[in-house]
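**Student:** Following the hints, complete the assembly by docking chain G onto the known chain P.
Number of protein chains: 2
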Amino acid sequence: MAKESMKITPWEVSGNIDYEKLIKEFGVSKLDNKVLERIKKHSKKLHFMLDRKIFFAHRDLDWLLDEYEKGNKFFLYTGRGPSGPIHLGHLGTWIFTKWLQDAFNVDLWFQFTDDEKFLFNDLSIQEIQKWTYENMLDVIALGFDPGKTHFIVDIKHIGLMYPEAIKFAKKITFSTVKSAFGMTNENNIGQIFYTSMQAVPAVIPSILKGKNVPCLIPLAVDQDPHFRVARDVYPKLGYYKPAIIHGKFLPPLTGVSGKMSSSKSEVAILTTDSPKEVEYKIKKYAFSGGQSTVEEHRKKGGNPDVDVSFQYLRTLFEPDDKKLERIYKNYKSGKMLTGELKQILIDRINNFLKEHQKKREQAKKIIDKFIYKPSTSVS
Amino acid sequence: MAKESMKITPWEVSGNIDYEKLIKEFGVSKLDNKVLERIKKHSKKLHFMLDRKIFFAHRDLDWLLDEYEKGNKFFLYTGRGPSGPIHLGHLGTWIFTKWLQDAFNVDLWFQFTDDEKFLFNDLSIQEIQKWTYENMLDVIALGFDPGKTHFIVDIKHIGLMYPEAIKFAKKITFSTVKSAFGMTNENNIGQIFYTSMQAVPAVIPSILKGKNVPCLIPLAVDQDPHFRVARDVYPKLGYYKPAIIHGKFLPPLTGVSGKMSSSKSEVAILTTDSPKEVEYKIKKYAFSGGQSTVEEHRKKGGNPDVDVSFQYLRTLFEPDDKKLERIYKNYKSGKMLTGELKQILIDRINNFLKEHQKKREQAKKIIDKFIYKPSTSVS
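Protein chains in written order, with this note's numbering: chain P, 1 to 379; chain G, 1 to 379.
Hints are computed from structural coordinates only; laboratory data are not their basis.
Predicted, not measured: the structure shown is a model, and the values here were computed from it.
Incorrect hints may have been included.
It does not matter which identical chain is meant; a pair holds if it fits inside one copy or across any two.
The calculated lysine-lysine pairs, modelled on DSS-like cross-linking and capped at a C-alpha distance of 25 Å, are [what the hints assert, rightly or not]: (1) 171 with 322; (2) 236 with 130; (3) 130 with 171; (4) 373 with 156; (5) 209 with 156; (6) 21 with 364; (7) 299 with 329; (8) 236 with 211; (9) 369 with 40.
Pulled out of the complex, with its shape left as it was, chain P reads as follows (with noise of 0.2 Å):
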């Protein structure tokens, strides 16, 4: 079977993904054991997503770590385009950088990216505000510090962020995002434009404390090519290149290529789902590595490296190592069957979506608080 080529922009990923060679074409950095152990040298603990490379490539990670060991602390950059509800895919970015908020002690700017949303989606700034409002539930359940974590909203937030977007514009070319993004003449003028929105939270504490503040982008890797354009702009506008930590993609339910995507429902589970529709997506939907019969799948066991179940464990779910070996050799020695193994992710993801979603409630109450309001107005 000829395997289907791999797409990795912003707006599209699609194919099997080969993260080594994603390395090599983005040209970032693998993340090594050095590394790793120079933020456990400050965390104590690493996050299971670290030592299980689902966070697996970096840019200036050892530069960054230089800065916070001489006292000059960075602030956390995330983000969301609001197109539409969240499931569990969205999450992973958000669990490990509120692990890095806790550990290193230190700011967020999240950034709600309704313009971009606008502007590459068949939605009416209406609904964007509507999905805006419900992703921001979403963020804030995951238990964000209100007090060091900031919303931005490109359209809402336009006065703070135009200003600066446009610097950013006048320094990349319709050459530059075309070989990027591999846009077209087609594109239309505000998707052009949209990048340079991107690249500015990176420097707003920089902007608002008056003096550089370096700072650490926790992304999935389709997100790269964004600052792949501005890094080379930050320094010419006298602002440092942000680090960026790149993550792996969550699978689709149905197998192990491309992303999950809110767009097809059916094989991805929101974070809205009840018990019930978890329970039937993960039966029906879930690839996996299991033999046709119990019988077979007895003698031959499975494959957990192709077993979505397994697969959403590993990256979410089974945080314990030992617990994690443990299934997957009773899975791979037939002694697990995949309904046992489906059964156990069900159980896991209900626990945590019964407990998520009754921090989305009480969040409506504190969103406020999580709005970035400007003490003075930017002109």
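**Tutor:** For chain G alone, coordinates are given in the frame of chain P:
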């Protein structure tokens, strides 16, 4: 002598301008006597810039007058890219706009495109902010009604502009701006986006009032491509297409091709020039249609049609048709010498500037009345 080929975009005007050819190329309508009569019905008198076809073309003026006659009042929209000092070449459109404001008793929205000038010029935002302020003084000095005139500064009013600009941007491709403006892959992405910002003021009153308001845009013809691009978009967003009335350029002092430019200050008369500077510039640089000796001039006569001093009188400084005709005849016959013609212009300009500079000083005290404040209700 080969004619220099004509090039007209919002950012470059060069060559011998053939306005008849422009009408065809841009697909605009000639401002014929029929439509002039319709204007006259409401304004009683016609401004000499209409009689003399300084304003020479239009789009949709008949529709605008139909609406006006049905009681559906229009507003005016024009603007300025604040990249340097104001020279005489800028004033024609604004003097005519002021006449329209008075004749039809209508509001004017005046856009200062500081973002454009930042994106297209090698100037800092601080320098452009300085020019924005200085240029506002010149506009106010022309006597616009502060109760009916609203200044919009793109960056300052970005909260009002951007949500609408991205709606235009979504419907304009790079192909379109390439062909309308001659852009290339090496244009920066802010320049590519910019035209959507210039489209917006034509709909601001419609947004604020929650119903469609007709718009008339007086402009120098080099600005037409912006609206050629945007006019198909207005109806898609539920707005009227704005009507446009197109003015010719004031030629540079050195001759009757191109347009006056403040980046070549020796061929432009600035509103802040002293009487001595005006005298020096006109005497030294104003291209003359006269003969090389007095004797020859008396015998053969001069050519007022290429004489820059005569053109300035015709375009800006001699509203009286009879007086202008007399000057024309006397210069053509050789009765009036070039020195005498220049002296008439010098006196007219200095009289005008004396008053203008006084009003420009007074404008500093009332500038705030003109800058649009989102909280104030607009009539």
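**Student:** Next step is simple, just say for each hint if it's right about the structure.
**Tutor:** Hints, verified against the model:
| no. | hint | in the structure |
| --- | --- | --- |
| 1 | 171 with 322 | neither (50 Å within a copy, 54 Å between copies) |
| 2 | 236 with 130 | between (37 Å within a copy, 23 Å between copies) |
| 3 | 130 with 171 | between (33 Å within a copy, 23 Å between copies) |
| 4 | 373 with 156 | both (10 Å within a copy, 17 Å between copies) |
| 5 | 209 with 156 | both (21 Å within a copy, 21 Å between copies) |
| 6 | 21 with 364 | neither (42 Å within a copy, 62 Å between copies) |
| 7 | 299 with 329 | within (14 Å within a copy, 111 Å between copies) |
| 8 | 236 with 211 | within (15 Å within a copy, 45 Å between copies) |
| 9 | 369 with 40 | neither (31 Å within a copy, 59 Å between copies) |
Checked against the numbered hints given earlier, the structure breaks hints 1, 6 and 9 and satisfies all the rest.
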